[in-house]
Structure formats: C-alpha cells, structure tokens
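Protein chains: 4
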Amino acid sequence: KRPREYGIRFGVLPTGSLNAITDVPGVRVGQITLKQGQNIRTGVTAILPHEKNQFQQKSLAAIYIGNGFGKLAGYSQVEELGTLETPIVLTNTLSVPTAADALIDYTLTQPGNEQVRSVNSVVGETNDGFLNDIRGRHVTKQHVLDALRQAKTGPVEEGNVGAGTGTVCFGFKGGIGTSSRKLPASLNGYTVGVLVQTNFGGTLQITGVPVGVALGKYSFKENLDGSCMMVVLTDAPLDARNLKRLAKRAFMGLARTGGIASNGSGDYVIAVSTAYQIPHETNSAFDEVKLLRNDNVSALFMAAIEATEEAIVNSLFAAQTLTGDQGHKVEQLPVDKVVDLLKKAGQAK
Amino acid sequence: KRPREYGIRFGVLPTGSLNAITDVPGVRVGQITLKQGQNIRTGVTAILPHEKNQFQQKSLAAIYIGNGFGKLAGYSQVEELGTLETPIVLTNTLSVPTAADALIDYTLTQPGNEQVRSVNSVVGETNDGFLNDIRGRHVTKQHVLDALRQAKTGPVEEGNVGAGTGTVCFGFKGGIGTSSRKLPASLNGYTVGVLVQTNFGGTLQITGVPVGVALGKYSFKENLDGSCMMVVLTDAPLDARNLKRLAKRAFMGLARTGGIASNGSGDYVIAVSTAYQIPHETNSAFDEVKLLRNDNVSALFMAAIEATEEAIVNSLFAAQTLTGDQGHKVEQLPVDKVVDLLKKAGQAK
Amino acid sequence: KRPREYGIRFGVLPTGSLNAITDVPGVRVGQITLKQGQNIRTGVTAILPHEKNQFQQKSLAAIYIGNGFGKLAGYSQVEELGTLETPIVLTNTLSVPTAADALIDYTLTQPGNEQVRSVNSVVGETNDGFLNDIRGRHVTKQHVLDALRQAKTGPVEEGNVGAGTGTVCFGFKGGIGTSSRKLPASLNGYTVGVLVQTNFGGTLQITGVPVGVALGKYSFKENLDGSCMMVVLTDAPLDARNLKRLAKRAFMGLARTGGIASNGSGDYVIAVSTAYQIPHETNSAFDEVKLLRNDNVSALFMAAIEATEEAIVNSLFAAQTLTGDQGHKVEQLPVDKVVDLLKKAGQAK
Amino acid sequence: KRPREYGIRFGVLPTGSLNAITDVPGVRVGQITLKQGQNIRTGVTAILPHEKNQFQQKSLAAIYIGNGFGKLAGYSQVEELGTLETPIVLTNTLSVPTAADALIDYTLTQPGNEQVRSVNSVVGETNDGFLNDIRGRHVTKQHVLDALRQAKTGPVEEGNVGAGTGTVCFGFKGGIGTSSRKLPASLNGYTVGVLVQTNFGGTLQITGVPVGVALGKYSFKENLDGSCMMVVLTDAPLDARNLKRLAKRAFMGLARTGGIASNGSGDYVIAVSTAYQIPHETNSAFDEVKLLRNDNVSALFMAAIEATEEAIVNSLFAAQTLTGDQGHKVEQLPVDKVVDLLKKAGQAK
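Protein chains in written order, with our numbering: chain A, 2 to 350; chain B, 2 to 350; chain C, 2 to 350; chain D, 2 to 350.
Just to be clear, a hint being listed does not mean it is correct.
Unchecked claim - Result set (SDA-like, lysine to any residue): computed pairs, CA atoms no more than 20 Å apart in a straight line:
no.: 1; chain 1: C; residue 1: 344; chain 2: D; residue 2: 347
no.: 2; chain 1: B; residue 1: 344; chain 2: A; residue 2: 347
no.: 3; chain 1: A; residue 1: 291; chain 2: C; residue 2: 283
no.: 4; chain 1: C; residue 1: 218; chain 2: D; residue 2: 10
no.: 5; chain 1: B; residue 1: 291; chain 2: B; residue 2: 187
no.: 6; chain 1: B; residue 1: 142; chain 2: C; residue 2: 138
no.: 7; chain 1: C; residue 1: 330; chain 2: B; residue 2: 116
no.: 8; chain 1: C; residue 1: 291; chain 2: A; residue 2: 287
no.: 9; chain 1: D; residue 1: 338; chain 2: C; residue 2: 347
no.: 10; chain 1: C; residue 1: 338; chain 2: C; residue 2: 217
no.: 11; chain 1: A; residue 1: 291; chain 2: C; residue 2: 277
no.: 12; chain 1: A; residue 1: 222; chain 2: B; residue 2: 190
no.: 13; chain 1: D; residue 1: 218; chain 2: C; residue 2: 347
no.: 14; chain 1: A; residue 1: 291; chain 2: C; residue 2: 58
no.: 15; chain 1: C; residue 1: 53; chain 2: C; residue 2: 146
no.: 16; chain 1: B; residue 1: 153; chain 2: B; residue 2: 275
no.: 17; chain 1: C; residue 1: 345; chain 2: D; residue 2: 10
no.: 18; chain 1: C; residue 1: 345; chain 2: D; residue 2: 341
no.: 19; chain 1: C; residue 1: 291; chain 2: A; residue 2: 280
no.: 20; chain 1: D; residue 1: 53; chain 2: D; residue 2: 151
no.: 21; chain 1: A; residue 1: 222; chain 2: B; residue 2: 297
no.: 22; chain 1: B; residue 1: 291; chain 2: D; residue 2: 287
no.: 23; chain 1: C; residue 1: 350; chain 2: C; residue 2: 340
no.: 24; chain 1: A; residue 1: 291; chain 2: C; residue 2: 294
no.: 25; chain 1: A; residue 1: 344; chain 2: B; residue 2: 350
no.: 26; chain 1: D; residue 1: 291; chain 2: B; residue 2: 290
no.: 27; chain 1: D; residue 1: 218; chain 2: C; residue 2: 188
no.: 28; chain 1: C; residue 1: 222; chain 2: D; residue 2: 13
no.: 29; chain 1: D; residue 1: 222; chain 2: C; residue 2: 188
no.: 30; chain 1: A; residue 1: 291; chain 2: C; residue 2: 285
As the list claims (entries may be wrong) - Here are some of the chain A residues that sit facing chain D, going by a computed Cβ distance under 8 Å:
no.: 31; residue: 76
no.: 32; residue: 77
no.: 33; residue: 82
no.: 34; residue: 94
no.: 35; residue: 99
no.: 36; residue: 105
no.: 37; residue: 120
no.: 38; residue: 121
no.: 39; residue: 130
For the record, the hints were derived by calculation from the structure and aren't laboratory data.
Predicted model, so just to flag it, every value in this text is computed and none were measured.
Backbone N, C-alpha and C fix where the C-beta goes; we use that ideal spot for every residue, glycine too.
So here's chain A without its partners, still in its complex pose (with noise of 0.2 Å):
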C-alpha cells in the first residue's frame, strides 16, 4: 500500500490520477531489474518525454546538481543548449558508461537518425554498492534497450525495481518511488511528475515526523550516506531557465524528507518539459515558443517540493527487505510501526 491508502498527505496541491510521472501526458517509464544469484541487486530504469524520436525531436530541459559526488553522465551539453536529446536512464554509478553507450546505440539505429554523428546521452545514477556487485558491472546494453523498449504509460512499479533494485534510503531498503502534482485550472492546471531512486540518508522524517529518530536510525548515529537521482517531468512550457529552477525545488522536497545532501552524496534532478518539441533541423532559424511568465511559476515549484517529498516516501513504503553482496541485508521500513507513529502524530488515520 502507497502512503496514501494510510490516509498521510505530502503538502496541500492535489496529485494526478496516477500519483506518478506518468501523470504527465505521454511520458513513459521502462525498467529492468536484475536480481541473479547471491550478488546481482541492480537495474535500470528509463524515462521518455514523449514517444517520437527524441533526438530528432529534443525537449526542453535543465539539470540541477544538488551535490555533484556522481557521475551523471550528459550535463553540460543540457546546461549549454537547453535541450534533452536522449531518454533519460538511470543505473547503478559504475554502470553508467555501459548505459551512456547503449543510448548512443538506441540514437544511432534509430530510423531518420542515419546521419547523427553526435549523441548527448543522459544517464543519472546511485551506488548500489552494498547489496549489488557493483564491480562486476552486470548492466549491459541490452538491458538498457530492453529498458527503453518496454516503458509505457500507466501506473509506475515501485521499491526494489529497475535502478532502484539494491539502493538502500535512511538506512532503510530504498528504491525507485514516484508521484505527482495536478494544479487547480487557477493555477494554470499543469501536472508536475517525479522520479526518484532513492539512496540516501540523512534523518528520516515523513510528513515531518521524526520517524528516523523514533526508530533510532539516522546519520551520525549510523553510517548512513549516498545519493538521490530526481526525474521532473512537466507539461507546463518552461525554458531551461525555469526547468532549472523548478529543478532545484526537487532538490528542496528532498531537504523535507530529512536528507542532508552529505558530502558523498550525488544529488542530481533533471527536468524536463513535454511542451514543445524542438526540432534538431528545420528550415526556421527560430523557435517559436510561449513559455509560463516567471510570475506564474511558484505553483510548479511547490507541485515538485511536494511530489518529491512523497516520491522519496513512495519508494520507502514499496521497497521490501532484500539480502545481497557478501550477505549484506537490509530491511525494509517498518511500515506498521511508521504509520503508528504517523497517526500518533495526526498525520496517518
């Protein structure tokens, strides 16, 4: 059961039907996930804006670093143009240049792609180093393409799947978790998606209760650290200026789970628009855009504070006890206890 089938609201704005990413029109979500033998706990998780070919067709786009320990593969070409020109794959940290290669692979094959000679792969990652054999590096090309090939629309999987199969959250089995914003039409009615594979610690509060405390698990006290890769998809028509921006309110839904960005943490959101589609070669030398006005953003940024902040949740109310590399074992949350806790507070019925 999500976080909400116990009656516990993240914020004020309501969600999607879905409360996912896929809440956002034609965005799509594929994962693999690779649990093989005692020491395989990894996986990949894709996300497509939209369903026509990406590079010939790039979105709108900004990356924010929250923390930069990690090893995103694709910033700066997105810093530089403002635009998305892959799916968006996330994996485990060492797996990175194996997914970076196969959406060269999956950009180059593609059909009208014969002549593209250069390809900006977007790959985001977490350590899942603990419970999965990360060294040995079993991610391969393939199971990225599969990734991509399967995503579709409709209800995301949550916990332990795809890049989120060994990841490991406040100490707690992490893993990937999704939700979503529907703005009022007053508001101007765009919906705010996001992805997250959580991976990090910091100390756990849910709905700002003081969970990680109660139950004794928090940084300091252990040895909690790691990451979090955000997705951010939205159909609002914003730059990468204000991509960007709402980009970094992610990262702020994160600070309100508790998570403190340690120093060996590598928080990163990418932001995308579904808005526009802008074309890698066409005969206008302009693109002719009508972007939401910067005064008509705040609603976006507090839709991604809060769908962040239940995204990370999300993903710790679906993940599952798993046991991994060299016996490494890590537990779920205690979700009975943790909604106890919640309902003492006023805050779960």
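The hints should help you fit chains B, C and D onto chain A, whose structure is shown.
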C-alpha cells in the same frame, strides 16, 4: 520564550550555549531598529566575523544563491576570490546602496586602510515594503555605522528588530532569528551559527507539524511571497568551496520549514569561516591552511540545516504583531495554538 | 581618428553605420564627465536599451562574469529572471552604491512606477583610482540622473569621457570605446553593438600586432592590472541563456587584444536583447517569443568578439594623455607609432 | 618543424625545455593512433598527472566549460570535490562511454583499489566524424588501457596522433598540440603545460597575423565548426578555485587563435595541479596545503593563455593532410605560405 523552552527540538545535534550565531567565538552582531511614526518599520543588522580590521584580515567565505530575485551586493568578488573583506550588513531592499556605501565609509576610515581604493561591500536584504514605507528609504549611512559600532558578542535579540523589524514570514510577523549547533568532539567539535532575516512564504511546518495548514495560512490560499537572508558562521576550517556547500545546506533548512523559494523570493546564504584570517597584504606568496577534508564536512552540513530551520522558527516565536505603512497589520504567530498543535503531535511538552 | 580611418580592420564582418552600440535601433547612451581641479577624473556612462519605461518593459538580458574581482550591482536577479529592469550605468568602483541608489530614484519617480517597491539596479564599474581621487566619491546621484537624461541615439563619444574619464588600459590612457557589427541578411541581418570601459592590463596586440611588446609596455614588465566592463546590445531575439553565451564571446574579444584577466581584474559583460519587451504586469500568464535557434547564434558570437576587440582599441585611439590625482600622469597610446607598426605588419594603410 | 623553429614567438614568457605539457615534472602522456583501412581515423590520448595510483592519491583539479556542446565525462564530481581521481583520457565523441568504462577497469584493477566501488572517470572528446567513421565506434577499452600503459614523460608527439588523429581545425587538418611556459623565479618559477585536441573553427590568426583570411578559409565563408579540448597541468600549488580560473585563461588562449566557440563547439579545459596529492583515505581529518595567494596567480594566467595559443598552432603545424571516411580529405596547413605571411608581418624569421 524561544521554542526550545516549550520542549521543541529541531533535529538531533546539540546547540551551542546561547543557541545563537554568536556561539561561534568572536562573532558579533549589531542591530538598529527603526520604528518611527506610522510608516517606518525597518532597520539594520550587522554581523562581524572577528574583531580585527576585516579588510586587512579577510575571512574565507562563500555565497549561495537559492533564488536570485534579490539585490544582495558583493556576490561576484566573494565567488571569485573566496574571501569576505567587510562585515555583513542586512537591511531592506531599497536601502542596499545606502548600506553598501556605509560599508565603504566604514572601511576607508578604519586605521590601516588609508590606501584602500576598492571595497567589496556585502549587503543582504529582504523587502519589508508591506509594513514599511520602503520607498522612503529611511535607513541612513549613520544607522548602518551605528549597527556596526554597537555589535557585540553574547545573546542576539530576535523578532521585530534590526533588518527584521518589518518583515513577514508565512503570513505571520517575521524578523530576525538565530540558532547554532555545536558538534560533539567525535565529529571534530566545531560550531555552526546561523542568523536569518525571515520574510518568505510557503506552507509553514514546525518540526514537521503542518502548522500553516492548521491555521489556514499558506501559499496559494493566501498570497504569500518574499525572501530569506541567511548568514552562516563557523569556526570550522573550510575554504570557499566547502563553505558554498555549507551555505547550500542552510537553504535546505529553509525547505524544512515549508519554504518554497517562490519566484519572487530572494534567498541567499552567506557562509563565513572564522578559522583563518587571510591578510590583505603579506610578504609571503602563499596562504598556509589546514582545511577540513571533504569527507569530514557532512556533520557540519547537518548542523547548518538544523540551525537554519530552528533560526527561522525562532524568528517567528519572537516576532510580535505590528502595524505599519498604510495601516497594514501583520499578526504574530499564535504561539499558544502552535504549541498546542505541536504537543498533540508529540513535538512539544 | 578612429582605427578604421587608418585602414585598420578587425575581423571579417561589416560594422553598422556608426560603428557604435547605438547602431542597435533604439539604444541610447548618456555620459557625464567629471574633470575638476587636480584630482577629480571620473564620470558616468549610461546605456538605455529602449525609450520606454525600462521597469515596466523589461529587456531580456544576461551577465557573464569573466573575472569577478569587481563590484557590479544587479547580477543575481538578472541571472535568475533573465531580464533587465533598469538602464545600465557604468562608473567608478566606489561610486557603485551612489549609482545604484540613483537608479532607484530614477525608477521610483518615473510615471507608472508609483507602486514599485523593488528595483534591481544594474551598475558596472572599473577602478580609476590611479588618476582619480576615488576615495572622495565625487560622483553624485545627480550626475547619474543627468547621464540618464542626456542619453541619446547617434554617435557615441569615446576616450576620456563618462565612466572612462580616468581609466588606464595596457599602461596607456584608456576610456570608453564602442563598435558594432551588422550581419549580412544571409546570417539573419541582426546588429550587435558593444560599449567598453577599458581599464585593464596584459600584452596589447592590435589586430594581432604585438604593439605592447614593441612599445615596451606589458604585464610583468610593468605592473599593469585592472578591469574591463563590456556592454553588448543586440536586436537579435535571444533569451537569457543565449545572451549569456553571447556575453562570453565579448570576453573572448578582450582576449584578442592581449588582455589576460589578471587576478585583480573585474571583467563583466552585460548582454541585452532589444527584440522583446517583457511587461512587468500583464493579463497573460505567458510570454510569447520567437527566438533565434541555437544553431543560428554563431555569427552573432563572432560579431560580439570582433566588435569588442575593436571597441577596446577604439577606446585607446580616442583617449588622451591625462594628469590627475597625486600628479599621476598616463600617456595616451602613441597612435602614430602604432599605425606605423601596423603598416609594417600589413594591418594598416 | 614546430613554429618556434621558424622564429615564431607566442607571447612574452619563456617555454619549458620541451615546450610540452610534460615539462611539468611527473606528467606523462600516452597516445594510441587508429588509422585503419579507408575510414578509421581516430585514437586516444591519455594524460597522467603523476606516477602513483591516481585514485588513492587524488590531484587538485577543476574543469572550465567554455562552450558546453560536448560530452565530457566527469564534470560534476570534479566541480564538487575539487579533485581528480583518474587519469584524463581524450578520444572521439561517441567513444566517451568506452573510455570512461576503460578508466573504471583501470582503476578497479589497480593494486590497492580492491574495495573501490565508485570511480569518476574524466574523459574529454571532440568529434572527428568528418574523417573518421565515428558511428562505428572503433575505439575499444583495450586501446584506452594501452594509451594509459604507454604513457611516458619526455617529448609529446603532435599532429595526426591519438585523439587528434581525425580532427579538423580552422578548415585545415588539426590534431594534438602541446606547449608550456616556465615562469621566471621572480614570478615563483612554476611551470604551466598545455595539451590540446584541436577541432574547431573561426578565423585563424597566428601570433595575430590573419592567416585564415589570407588563405580564404574562415567561418561563414566556409562551414567551419567544432570543438577544442584543452588540458592544463601545473606544479603551482593552486586549489580548485584558482585552477578553474587558470582553466578559463586557456579558453582565452583559444580566443587568441581566432576561435569563436561557435554554437556547436565543445570547448572544455581540465586544469590539474601536481603540487599536492590528496589521499583517498587517511587518519587525519585535515588536508594541509600551502596555496599560492590570489594576488600571485596572474603570471600563471598569462602562461596558460600563451601556452594554449601556441599549443593550438603547434597542432596545425604538425598535422598532415589526411583522407578518411567517405573519401573526405582535409589538407594540412600550408606551412610555407603561412611562414611567408608571418615573415611579412614581422612575426617569423
């Protein structure tokens, strides 16, 4: 009474003895409050890292911009050189030039600075134009010089004082707040002190308890907006790079109170280390420094987050209902109700 | 005579008709020169992108920081919002607060701005403290307002004028310089205009000819240092992201003159597009813009490089020997010798 | 013959004894050239700052992005932590993932790295897709490992070699170039070495002489575009902040050759100091460093500018006419004509 006196606890790290920015040895704060007639509700808050000539003995420093809709003076030189060469002054938006000019006066007239021809004044601000006749620009250079002169160690006044005299936070009266954390010896024993000028919006939560919603006051229900200036001092030996990372964590502390860094918000953090004084001139070609390693900064990060969260709430507990320009009135936080809400949630005694 | 009149050519693109920043339609420049007594050698240069109320009709803008040892006011808001809401004022280092305050006066008192409570003054500077009694801060708010009021289209005075009255460049008298490029219709026909306040060091080369070495005047032979303010205007429809890229190319133009952006240099570029005026308030939630595509900006980049190189050299050709504070004297560039050197190198006629 | 052998002088500072990046003590370069059949024209260039285990003994480092249309791997972690933990590898655009993966192999298999689970590979690239069948991705991990293994001190091969095998610069055959500057003792005596992979456009000027125009080859006359990777090594004790400033000056050196950093250009500078080795693990909580003061870095800045300008021209003098993929042919710089032009301008003997 400050929140701690109601048994409210922010995070897990211990405070310094004053629970104030002045817990960092040598740090002084001076404040001038302008409350005159019907419409003047503003002031000046000055923070001095050490007792020597700040221009001749520069401090390692960094500025992090959470949301740049603001007029802070002095950013680029701090960013380029990694040092602070004037005290920090906070005031209202339209008085930044006056304060910057006063810092030039202050610097040029100090003994030893007779040949100085370049001064990088660092001035932060928020907009108190709802309660204060900000267009009147009632702050004078003398007010700023007075704040600098009166600066002292020891307890720091909070609430409607200094640069916080006329500010509004989460729809309630805001102001100046301060807090600190003293790390245990096992985490190297350093102190992190924070002072904030609170003037922003969002959905107020206090130790996670959704106070704003409970009281019916939050962004997009009402029109809440605005800015937050945060100043972080520490005796930990950090260079500009790690001070900027530390500054960013203060912004995460703001997020924990429910702040959303709306479009119109000017959210800036100035972080300064008192560990070294970098001479303006010296015979040596080198600066010799012993800096905390990257992998030892995370506890400081957590300290900055917690102290910022607490400083913001401290400002709300201390601020008092105020009427000002055009008869505008802003109510103080209903502390009794709030404490009741926190008690119910198990967060106050 | 300007360099072009000696047959000197900078780059390959054609200039606008005035070879000045005012070739960009609607752009006006106003300058106040303060040359009084033995020691006052300073002034003000104002650049206005258009004739309307700049606060109500903001311009798309960006600021690039080449080397941030400087006191430019207004950076962070331009960076965050991508717009300019005051004219640009240049003056000396210690008069930035005065100029910023004057821009607030200017803005608050303009018809239509009666409710304005927040103004992001943009003021650039270089340090004329060798020839000018900079510590005396002789620039007044009235001087700034006068420069704004006198601003006009048409030719722009160069050399010892306005904010360039007391500056020094490559060891010779520097000052204000300007130049422009008008792209051919095949490259979309836009104009790029540049105005510089030259006050920096390095090894002067003019169209590549190593004039500084030939004349025995260059950094580390003599103690040359200092800053350069560059303002780039264009009618090309670029948003803040591409304006920042354009601004960076002006810095490349500085490099072509032999500038080295020494530690003490404050090298800033303010780039503004006149293509759109973004209303401060409007009923629409959107800004509709037709922007030049990324793959069409390179010719503008080259234009900015060439025009900046030429504007810097123009400032040197126009500036005249000046004696000032403490009897300091700075010789003008020996134009005849320089032209001879360029003739020998085949770069002048 | 290198340009210096024709009496051509770039700037005013003396070179190191090899006039190569390897003048910085301990720095090694390894190159693998792939010239096979009709269409494979690519390769690998590796730069190793020191002889020890780079992961265990990290180097202070920074990356400056001149224009970010590129796929460089490793940016964000270097930016966040200020250190380099792998050698630097340069190759072609679509082989970045292969090279990044090879650096992981290299690191994981080094003695002492048995527990390493996170590696920040730093890989730069330019696009050799005109002469090379880049879509074929002919660089293998073994090629990269071979380049690393063969790395040595001493002279560095220039021209059509390593990662410069298939590149094109200013419309002529580009490639690898290198140069250095050795500061006199009065300026602290440090060495700055630069290595470039040249593949970009603009209007070529050599020591300022407008060679590109004279030869009728320049941007917008022809379609010239592309990128430049620059690597700067120094034994000066600079931290990441000052290394980033140093890196920016290499970009100014590129500007001096007539480069324009066009939209499609990926212009990156990786700067590394060999002065300190920061241990991956240590018992101390501190790094003790003696860093060159800000006011002593300007001569290093000038050194980086001059050495980069010279390294780029060196690459052009060394490169030879090459035919490659699809029968594309790129002529080498007509050195005799160029030297004649420089002689006439008084810039060669």
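Against which earlier hints does the structure fall short, listed by number upward? The structure breaks none of the hints.
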